[in-house]
Amino acid sequence: MVGQRQNMLPRIVSINISKGGIPKIPVSSIRVTVAGLEGDGHNHAKHNTPLQAVCIQDVEKLEELNQNGYQLSPGQAGENLTVQNLHVNSLPLGTILTFSGGVVLEISKVRKPCYVMDAIHPQLKEDALGRHGMYAKVLQEGTLQIGASVTLR
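Going by the numbering used here, the first residue of the sequence shown is number 34, and it counts up by one from there.
No wet-lab data here; the hints were simulated from the structure.
Computed from a prediction, not measured in an experiment: that's the story for all the values here.
Glycine residues also receive a C-beta, built at the ideal position from the N, C-alpha and C atoms.
One or more hints might be untrue.
[Unchecked claim] Think about it this way: if two alpha-carbon atoms lie no more than 25 Å apart in a straight line, the pair counts; the simulated DSS-like pairs of lysine-lysine are: (1) Lys145 <-> Lys158; (2) Lys170 <-> Lys142; (3) Lys158 <-> Lys170; (4) Lys158 <-> Lys52; (5) Lys52 <-> Lys142; (6) Lys142 <-> Lys158; (7) Lys145 <-> Lys170; (8) Lys52 <-> Lys145; (9) Lys170 <-> Lys52.
[To be verified] Simulated DEER-style distance windows between Cβ atoms: (10) Gln173 <-> Gly102: 37 to 45 Å; (11) Ala68 <-> Gln104: 16 to 24 Å; (12) Gly74 <-> Thr176: 16 to 24 Å; (13) Val143 <-> Asn101: 17 to 25 Å; (14) Gln100 <-> Ser182: 21 to 29 Å; (15) Gln104 <-> Tyr148: 32 to 40 Å; (16) Glu96 <-> Ala68: 28 to 36 Å; (17) Glu159 <-> Glu71: 27 to 35 Å; (18) Ser182 <-> Leu126: 20 to 28 Å; (19) Gln156 <-> Gly134: 21 to 29 Å; (20) His120 <-> Pro59: 33 to 41 Å; (21) Pro155 <-> Ser182: 36 to 44 Å; (22) Ile58 <-> Glu96: 26 to 34 Å; (23) Glu174 <-> Gly102: 35 to 43 Å.
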């Protein structure tokens, strides 16, 4: 499976929202505004900022964590977009992501695991360091759908 992914373009495999907190529940498409994904809430004011409008997580990092004994599916750790073949944690701040359909995001902040992960497992905060995704701000609003491709600038 991993060998096959090397030849694939980056794409969205899951779009996830909740009224606040985790888990976030998958939806097939969503409107994205400067404030984030419509219908997505935040339990903590520190997350309600345009610099953290969208949280992006690699499905490959979830799979790595699962190999370490966790049971994480897309959205369970609170990310909005679960992506494949993007390697988001290796992207520098300021990287521009353009999604098929027109949404444009800019990587704005490293996502650090917080105490909310304790609800999944007390060790997850430490094991997820460096592979917990990134935050992005919205440069161009629009609609995202599962399967949308991603190009980098």
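35 to 43 Å as the expected CB spacing between Gly102 and Glu174, which holds or is violated: Holds - the Cβ-Cβ distance for Glu174 and Gly102, about 39 Å, lies within 35 to 43 Å.
Hint consistency between Lys158 and Lys170 [alpha-carbon to alpha-carbon, up to 25 Å]: Between Lys158 and Lys170 the Cα gap is close to 24 Å, so the pair holds against 25 Å.
Quick one, are Lys52 and Lys145 close enough, alpha carbons at most 25 Å? holds, 21 Å
Could you tell me whether the CB distance from Val143 to Asn101 stays inside 17 to 25 Å? Holds - the Cβ-Cβ distance for Val143 and Asn101, about 20 Å, lies within 17 to 25 Å.
With 21 to 29 Å as the target window, see if Gln100 and Ser182 comply at their CB atoms. holds, 27 Å
Starting from the hint 20 to 28 Å, judge whether the C-beta atoms of Ser182 and Leu126 obey it. holds, 22 Å
Taking 16 to 24 Å as the hint, is the beta-carbon distance of Gly74 and Thr176 inside that range? Given a distance of about 19 Å, which is inside 16 to 24 Å, the answer is holds.
Hint says 32 to 40 Å; check whether the CB-CB distance for Gln104 and Tyr148 agrees. violated, 19 Å
Holds or violated: Lys158 and Lys52, Cα atoms, limit 25 Å. Within the cut-off at roughly 22 Å; holds.
At the C-beta level, are His120 and Pro59 separated by a distance inside 33 to 41 Å? violated, 22 Å
21 to 29 Å as the expected CB spacing between Gly134 and Gln156, which holds or is violated: violated, 38 Å
Per the hint of 37 to 45 Å, is the separation of the Cβ atoms of Gln173 and Gly102 within bounds? For Gln173 and Gly102 the Cβ distance comes to about 39 Å; the hint holds.
Violated hints for the displayed structure, listed by number in ascending order: 11, 15, 19, 20 and 22.
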